[in-house]
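**Q** For reference, the chains in residue letters:
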Amino acid sequence: ETGVTQTPRHLVMGMTNKKSLKCEQHLGHNAMYWYKQSAKKPLELMFVYSLEERVENNSVPSRFSPECPNSSHLFLHLHTLQPEDSALYLCASSQDEDPWMNTEAFFGQGTRLTVV
Amino acid sequence: GQQVMQIPQYQHVQEGEDFTTYCNSSTTLSNIQWYKQRPGGHPVFLIQLVKSGEVKKQKRLTFQFGEAKKNSSLHITATQTTDVGTYFCAGLPDSGAGSYQLTFGKGTKLSVIP
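If you're matching them up, the sequences are chains Y and H in order.
Just so it is clear: in the first sequence, position 7 is 7 by my numbering, and no numbers are missing.
Just so it is clear: in the second sequence, position 26 is 1026 by my numbering, and no numbers are missing.
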């Protein structure tokens, strides 16, 4: 266990469905991330939250909507997805620190999403 | 924006052979990190390098950080089947906004033939 828990582990959804991915970290970190991992683009950064404020959105389509209600929880709300959105969605957390400190990212086990 | 290039994308080696993956950043880094992702798993942190020219070893793994803090390498001596997986480097920018924003390379997928 890495201290970062993602649910569900697997999700199959239709293109008209609405679903949410959940991430929870128990490490006391102040930054959380959503990554998309597919065969074409390994570890593609989607969103970054630092101190519960979104600070990075790498031109992600609006059908992906993140939410960070507190520093321990992160959600990714999904609606009207496309089949090409099928991928492994990874959540990570880290401590935004002086780079000389440990700033490594701890990843959850991911949600394997299939859009049909 | 910052880019981190990693080569090779794939590497197949015979068990016992050495393996090296290289990472190059378009900008100077404050630190560089290496991760390993086993098949079906998630990335797991291996090590962090901070100092210019730094070299660190973990058993058969040797990590180097370039003098200019823009490149790094991971070398595995005498690979074993347990080394199979994808190795990612990730760089933390040296300055400017987004100091928490690790930029990952695309990874090198290592296959070890028994």
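Rather than coming from a laboratory, the hints here were simulated on the basis of the structure.
Among the hints, a few may not be true.
Below 25 Å or equal to it, Euclidean Cα-Cα: the simulated PhoX-like pairs (lysine-lysine) are [to be verified]:
hint : chain 1 : residue 1 : chain 2 : residue 2
1    : H       : Lys1057   : Y       : Lys40
2    : H       : Lys1057   : Y       : Lys41
3    : Y       : Lys22     : Y       : Lys36
4    : H       : Lys1070   : H       : Lys1056
5    : H       : Lys1070   : H       : Lys1057
6    : H       : Lys1109   : Y       : Lys40
7    : Y       : Lys36     : H       : Lys1106
8    : H       : Lys1070   : H       : Lys1036
9    : H       : Lys1106   : Y       : Lys41
10   : H       : Lys1106   : H       : Lys1051
11   : H       : Lys1057   : H       : Lys1106
12   : Y       : Lys36     : H       : Lys1036
13   : Y       : Lys19     : Y       : Lys40
14   : Y       : Lys19     : Y       : Lys36
15   : Y       : Lys36     : H       : Lys1109
16   : Y       : Lys41     : Y       : Lys22
17   : H       : Lys1057   : H       : Lys1109
18   : Y       : Lys41     : H       : Lys1070
19   : H       : Lys1056   : Y       : Lys41
20   : H       : Lys1070   : H       : Lys1109
21   : Y       : Lys18     : Y       : Lys36
22   : H       : Lys1036   : H       : Lys1057
23   : H       : Lys1036   : H       : Lys1109
24   : H       : Lys1057   : Y       : Lys22
25   : H       : Lys1109   : H       : Lys1056
26   : H       : Lys1036   : H       : Lys1056
27   : Y       : Lys40     : H       : Lys1036
This one's a predicted model, so the numbers in the text were calculated from it and none came from an experiment.
**Q** Of the hints given before, which are not true for this structure?
**A** Of the numbered hints given earlier, those the structure breaks are 1, 2, 19, 24, listed in rising order.
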